[in-house]
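Asker: Here is how the chains run, residue by residue.
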Amino acid sequence: MKLRTLTLGLLSASAFAFAAHAESITIATVNNGDMVRMQKLTDDFTAKNPDIQLQWVTLEENVLRERVTTDIATKGGQYDVMTIGTYEVPIWAKQSWLLPLDKLGDDYDVKDIIPAIAGGLSVDGTLYAAPFYGESSFVMYRKDLMEKAGLTMPDAPTWDFIKQAADKMTDRASGVNGVCLRGKAGWGENMAFLTAMSNSFGARWFDENWKPQFDQPEWKNTLQFYVDLMKANGPEGASSNGFNENLALFQQGKCGMWIDATVAASFVSDPKNSTVADKVGYALAPDNGLGKRGNWLWAWSLAIPAGTQKADAAQKFVSWATSKAYAELVASKEGWANVPPGTRTSLYNNPEYQKAAPFAKMTLDSINAADPTHPTVKPVPYVGVQFVAIPEFQGLGTTVGQLFSAALAGQTSVDDALKQAQDAATATMTEGGYIQ
Amino acid sequence: MARAVSTQHKTIATAAAWIVALLVFFPILYTIITSFKSEQEAIQGFNLFPSGTTESYTAVEAQSGYFKFFLNSVFLSVGSTILALLVAIPAAWSMAFSPGKWTKDILMWMLSTKMMPAVAVLFPIYLIFRDTGLLDSRIGLMIMLMLINLPIVVWMLYTYFREIPGEILEAARMDGASLWNEIVYVLTPMAVPGIASTMLLNIILAWNEAFWTIRLTTTEAAPLTAFISSFSSPQGLFWAKLSAASTLAIAPILIMGWFSQKQLVRGLTFGAVK
Numbered sequence: 001m002k003l004r005t006l007t008l009g010l011l012s013a014s015a016f017a018f019a020a021h022a023e024s025i026t027i028a029t030v031n032n033g034d035m036v037r038m039q040k041l042t043d044d045f046t047a048k049n050p051d052i053q054l055q056w057v058t059l060e061e062n063v064l065r066e067r068v069t070t071d072i073a074t075k076g077g078q079y080d081v082m083t084i085g086t087y088e089v090p091i092w093a094k095q096s097w098l099l100p101l102d103k104l105g106d107d108y109d110v111k112d113i114i115p116a117i118a119g120g121l122s123v124d125g126t127l128y129a130a131p132f133y134g135e136s137s138f139v140m141y142r143k144d145l146m147e148k149a150g151l152t153m154p155d156a157p158t159w160d161f162i163k164q165a166a167d168k169m170t171d172r173a174s175g176v177n178g179v180c181l182r183g184k185a186g187w188g189e190n191m192a193f194l195t196a197m198s199n200s201f202g203a204r205w206f207d208e209n210w211k212p213q214f215d216q217p218e219w220k221n222t223l224q225f226y227v228d229l230m231k232a233n234g235p236e237g238a239s240s241n242g243f244n245e246n247l248a249l250f251q252q253g254k255c256g257m258w259i260d261a262t263v264a265a266s267f268v269s270d271p272k273n274s275t276v277a278d279k280v281g282y283a284l285a286p287d288n289g290l291g292k293r294g295n296w297l298w299a300w301s302l303a304i305p306a307g308t309q310k311a312d313a314a315q316k317f318v319s320w321a322t323s324k325a326y327a328e329l330v331a332s333k334e335g336w337a338n339v340p341p342g343t344r345t346s347l348y349n350n351p352e353y354q355k356a357a358p359f360a361k362m363t364l365d366s367i368n369a370a371d372p373t374h375p376t377v378k379p380v381p382y383v384g385v386q387f388v389a390i391p392e393f394q395g396l397g398t399t400v401g402q403l404f405s406a407a408l409a410g411q412t413s414v415d416d417a418l419k420q421a422q423d424a425a426t427a428t429m430t431e432g433g434y435i436q
Numbered sequence: 001m002a003r004a005v006s007t008q009h010k011t012i013a014t015a016a017a018w019i020v021a022l023l024v025f026f027p028i029l030y031t032i033i034t035s036f037k038s039e040q041e042a043i044q045g046f047n048l049f050p051s052g053t054t055e056s057y058t059a060v061e062a063q064s065g066y067f068k069f070f071l072n073s074v075f076l077s078v079g080s081t082i083l084a085l086l087v088a089i090p091a092a093w094s095m096a097f098s099p100g101k102w103t104k105d106i107l108m109w110m111l112s113t114k115m116m117p118a119v120a121v122l123f124p125i126y127l128i129f130r131d132t133g134l135l136d137s138r139i140g141l142m143i144m145l146m147l148i149n150l151p152i153v154v155w156m157l158y159t160y161f162r163e164i165p166g167e168i169l170e171a172a173r174m175d176g177a178s179l180w181n182e183i184v185y186v187l188t189p190m191a192v193p194g195i196a197s198t199m200l201l202n203i204i205l206a207w208n209e210a211f212w213t214i215r216l217t218t219t220e221a222a223p224l225t226a227f228i229s230s231f232s233s234p235q236g237l238f239w240a241k242l243s244a245a246s247t248l249a250i251a252p253i254l255i256m257g258w259f260s261q262k263q264l265v266r267g268l269t270f271g272a273v274k
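Line by line, the protein sequences give chains Z and L.
Heads up: the first sequence at position 208 corresponds to 208 in full-length UniProt numbering, and the numbers run straight through without jumps.
Heads up: the second sequence at position 224 corresponds to 224 in full-length UniProt numbering, and the numbers run straight through without jumps.
Mixed in with the good hints there might be a few duds.
Unchecked claim - Beyond 12 Å from chain L on every Cβ pair, some chain Z residues (computed):
#1 GLU60
#2 GLU66
#3 ASP109
#4 ASP416
What the hints assert, rightly or not - Cut-off 27 Å, straight-line C-alpha distance, at most; resulting in silico cross-link-like pairs (DSSO-like, lysine-lysine):
#5 Z:LYS40 - L:LYS68
#6 Z:LYS148 - Z:LYS231
#7 Z:LYS103 - Z:LYS324
#8 Z:LYS220 - Z:LYS40
#9 Z:LYS220 - Z:LYS378
#10 L:LYS101 - Z:LYS310
If you're looking for bench data, these hints aren't it; they were derived computationally from the structure.
All C-beta atoms in this analysis are idealised placements derived from N, C-alpha and C, irrespective of residue type, glycine included.
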């Protein structure tokens with residue numbers, strides 16, 4: 001009896017000591033396929049780091065953004081690792097809200113991160129977030145419909161070709177729309193697409209003195225082209241379509257072309273969910289011969305807030321989740337096609353990955369075609385391809401997005417939408433002290 | 001004299017009631033139907049007949065443990081309701097039976113706090129919670145839910161209490177009942193239908209509250225609203241899984257509402273017809 005009590009006592013004491021020693025870190029993330037997969041694979045991390053426990057908080061993207069912003073601005077300390085995008089990283093790093101990632105380990109190989117992505121996540125050469133998966137945008141098209149239209153999609157099409165192809169592919173009687181593009185208002189929805197598109201038309205949000213540029217002909221050309229193209233060839237109710245809506249349309253065979261995130265390639269080519277899986281071709285985002293393409297650059301990345309008490313454990317986790325070893329782990333469990341794309345050059349040199357993901361080369365080329373530090377034809381004072389990395393952009397981008405969405409829906413004219421956008425942007429920039 | 005109602009009228013009224021009820025309930029019904037579809041079926045347009053697969057439920061349970069969120073929801077909604085009643089019954093009693101000069105204004109002021117958008121006070125509340133160590137705690141959230149629903153609880157109870165003749169309470173006092181006895185043994189039993197429906201409504205409101213419950217929690221105190229939110233995805237169509245998560249989240253409150261619908265309706269219409 002005595003022995004049993006003693007053993008029990010020792011066991012519970014050691015359990016307590018272990019529990020007290022084990023450090024628990026909280027990770028905030030979004031419900032995207034790659035993130036969900038990471039949660040399933042955490043056993044590998046805890047096996048290698050038995051003294052660190054992981055707690056996951058998964059939230060809808062907009063809610064996540066609001067939650068982590070509140071927490072980081074108030075130094076609430078609720079999260080030790082945050083999933084954030086290329087928009088937040090430069091702004092937050094400048095505010096000293098993020099810890100520099102300088103202890104990722106000797107075998108981490110920072111230089112392997114795709115330069116365009118690393119550039120978007122660094123401030124003054126210091127990396128503040130590690131990319132978990134990166135994406136650009138490109139053209140996904142139906143090879144069968146293109147053939148039927150008697151056309152061949154070039155690897156690097158122009159906007160004129162897109163229009164010509166869309167006109168020929170549109171067959172509304174059989175439910176086929178020549179082209180599906182984002183129309184839903186939001187800085188990360190239609191404005192991501194339209195800002196990237198405007199870069200290829202030579203437009204820019206602001207000139208070197210932060211003066212808004214919506215009154216310039218380049219923006220008029222962009223918006224007019226977009227509205228005309230969608231009116232003639234877009235799906236019904238396009239002004240409320242975002243990524244998911246267009247994905248559903250494309251998977252059901254209702255779009256001839258779709259220009260959107262490269263990550264969509266794995267969805268549209270998945271025979272389980274897509275009725276057109278074996279008929280999809282890929283091409284670079286269109287241009288107008290001005291030297292810039294209409295594609296964006298985004299990376300969901302892991303960053304560590306300055307308020308955390310567990311910086312070392314957090315960095316160990318970030319290093320694990322964004323390492324080459326993690327890519328191999330995913331490949332061994334779920335196949336190379338499911339490895340998070342767009343972060344490491346080595347992945348694209350891997351013949352097995354090239355075989356498993358037919359869209360690999362086009363994804364890498366698209367990412368490399370975007371330059372967040374020089375996004376436009378004319379010079380600009382900001383960083384960001386499909387956004388402007390200033391805190392005011394979320395609000396302003398959404399306001400302008402609503403105006404452009406209304407122009408697409410026919411509730412207002414292109415000229416009126418641009419005039420109102422110019423007024424809204426001027427007011428915001430004056431209030432923010434950018435324009436004296 | 002009661003108005004004669006013909007069978008034809010009755011049939012039309014019943015049919016109309018069914019149609020309206022079906023329209024109101026349809027979004028929930030379609031969510032439940034979608035939860036039994038595969039992801040591919042779910043995006044293939046309108047279809048009332050699912051294949052009956054339960055793969056979404058399996059996936060949802062595997063991705064995040066439902067039970068912990070469920071327990072938090074029960075604790076928060078029931079706890080905040082009990083707290084709210086403890087504060088609101090005496091408050092409503094004093095306003096109904098010994099109103100002062102400012103009673104009406106106080107009632108209006110209480111209600112006016114509900115008119116402010118919650119996000120306007122997000123930062124102050126967040127800072128208070130941070131400094132008092134209440135972030136991600138069940139107690140903190142319970143107090144928060146109690147406070148945001150308190151105006152409605154006080155208003156509802158006040159309306160019910162006003163229906164009770166003051167003379168009965170006076171009679172109790174004549175018989176020597178103390179204030180405590182008067183509230184506990186005379187007023188409360190007479191207002192049971194009102195209190196019950198207030199309680200039920202408050203539990204439903206607290207269960208469905210999705211602003212504070214998502215913003216003030218992370219892992220420990222997160223209820224079912226956070227559970228649903230984790231299945232909404234900006235990139236990828238997971239409608240069947242989202243529907244399964246929603247069905248799991250609303251099922252308990254739907255079942256509770258079904259069983260207590262008599263009390264709810266009686267309470268909500270209490271005093272409506274003189």
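Asker: Hints first: check each against the structure and report whether it holds.
Answerer: Going down the list of hints, with the structure as the test:
A beta-carbon of chain L comes within 12 Å of the beta-carbon of Z:GLU60; the shortest separation is about 4 Å. Z:GLU66, annotated as away from the interface, has a beta carbon of chain L within 12 Å; the closest lies near 7 Å. Every Cβ of chain L is farther than 12 Å from the Cβ of Z:ASP109; the closest lies at roughly 27 Å, confirming the non-interface assignment. Against chain L, the non-interface label of Z:ASP416 holds: every CB pair exceeds 12 Å, the least being about 29 Å.
For the suggested pair Z:LYS40 and L:LYS68, the alpha carbons sit about 18 Å apart, so the restraint of at most 27 Å is met. Restraint check for Z:LYS148 and Z:LYS231: satisfied, since their Cα atoms lie roughly 22 Å apart, inside the 27 Å limit. The hinted pair formed by Z:LYS103 and Z:LYS324 meets the criterion: a straight-line CA distance of about 16 Å does not exceed 27 Å. With a C-alpha separation of about 48 Å, the suggested pairing of Z:LYS220 with Z:LYS40 is violated against the 27 Å cut-off.
Between Z:LYS220 and Z:LYS378 the CA atoms are separated by roughly 16 Å; this keeps the pair inside 27 Å, and the hint holds. Distance check on the hinted pair: L:LYS101 and Z:LYS310 sit about 56 Å apart at the alpha-carbon level, beyond 27 Å; violated.
Hints 1, 2, 8, 10 from the list above are not met by this structure, while the remaining hints are.
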